[in-house]
Amino acid sequence: MKILVSFVSLIAFLLVVLTGPLYKYGIIELATVFAGFKYGIFTAVTALVLLILQIIFRRKTLTLASVAITVVLSMVAIGLPLSMLSKGKSVPPIHDISTDLVNPPEFVAIAPLRADAPNPVAYAGEATAAQQRQGYPELKTLIYSESKAELVSAVEQAAKNLGWELVNTDTSEGIVEATDTTAWFGFKDDVVIRITDNGSERLLDIRSKSRVGGSDLGKNAERIRDFINELDSILAK
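The sequence shown begins at 84 in my numbering and counts up by one.
If a hint is listed, it holds; no wrong ones were tucked in.
Derived lysine-lysine pairs resembling PhoX-like cross-links, with alpha carbons at most 20 Å apart:
id, residue 1, residue 2
1, Lys243, Lys231
2, Lys302, Lys107
3, Lys231, Lys320
4, Lys302, Lys170
5, Lys172, Lys302
6, Lys107, Lys271
7, Lys172, Lys121
8, Lys121, Lys107
9, Lys302, Lys271
10, Lys320, Lys243
11, Lys85, Lys143
The hints are simulated quantities; they were obtained by calculation from the structure and are not laboratory data.
Given only the sequences and the hints, what does the whole structure look like? Please build it.
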């Protein structure tokens with residue numbers, strides 16, 4: 084009984100955790116990921132039910148280690164998918180975020196890399212902009228006093244510090260394009276930063292867009308915030 088309960092909880096854990104790497108390396112499709120989540124939760128619940136039955140009828144076979152392993156593995160298998168579901172419900176179901184919603188920065192060098200992506204390179208439109216205004220009202224154009232060249236250099240450094248892959252830099256145009264790959268699933272999200280002159284000031288806009296998925300679970304907005312914090316930290320030195 085003890086071995087069975089631990090084995091079922093391990094299966095539940097693997098059904099959830101392994102979906103990321105398997106998708107990342109092209110072994111399974113996104114639909115299979117969601118199926119893995121569903122069956123992982125069901126299996127984890129089964130493991131916990133079996134554990135309760137063991138506590139009731141076979142208490143002498145219990146060990147602290149086996150109980151701990153079953154509970155931890157089962158809670159991970161249940162918690163990860165449910166936390167993602169909760170996150171998805173708490174943020175707008177969009178995947179294209181920009182600090183300039185009227186004239187978003189355009190992808191140029193990155194456009195060919197997205198040729199086969201389900202989400203097109205063009206901006207998602209006013210419906211997305213309206214949802215962003217409601218969900219992320221704090222994301223607006225940034226204003227700096229540094230020169231365009233100084234900002235481009237700082238932007239490149241911030242991108243590198245965040246682990247992004249630089250795709251293109253055009254200092255004269257004030258454009259930096261990069262790709263960020265998520266750790267667990269290997270989702271590729273693209274970023275373009277645009278710096279324009281406005282008298283003695285520089286206006287900086289950043290756009291982050293997922294290649295796949297209707298909802299980004301708030302990842303693109305989070306990425307923009309992380310970038311702004313990193314850039315401001317570099318410029319403050």
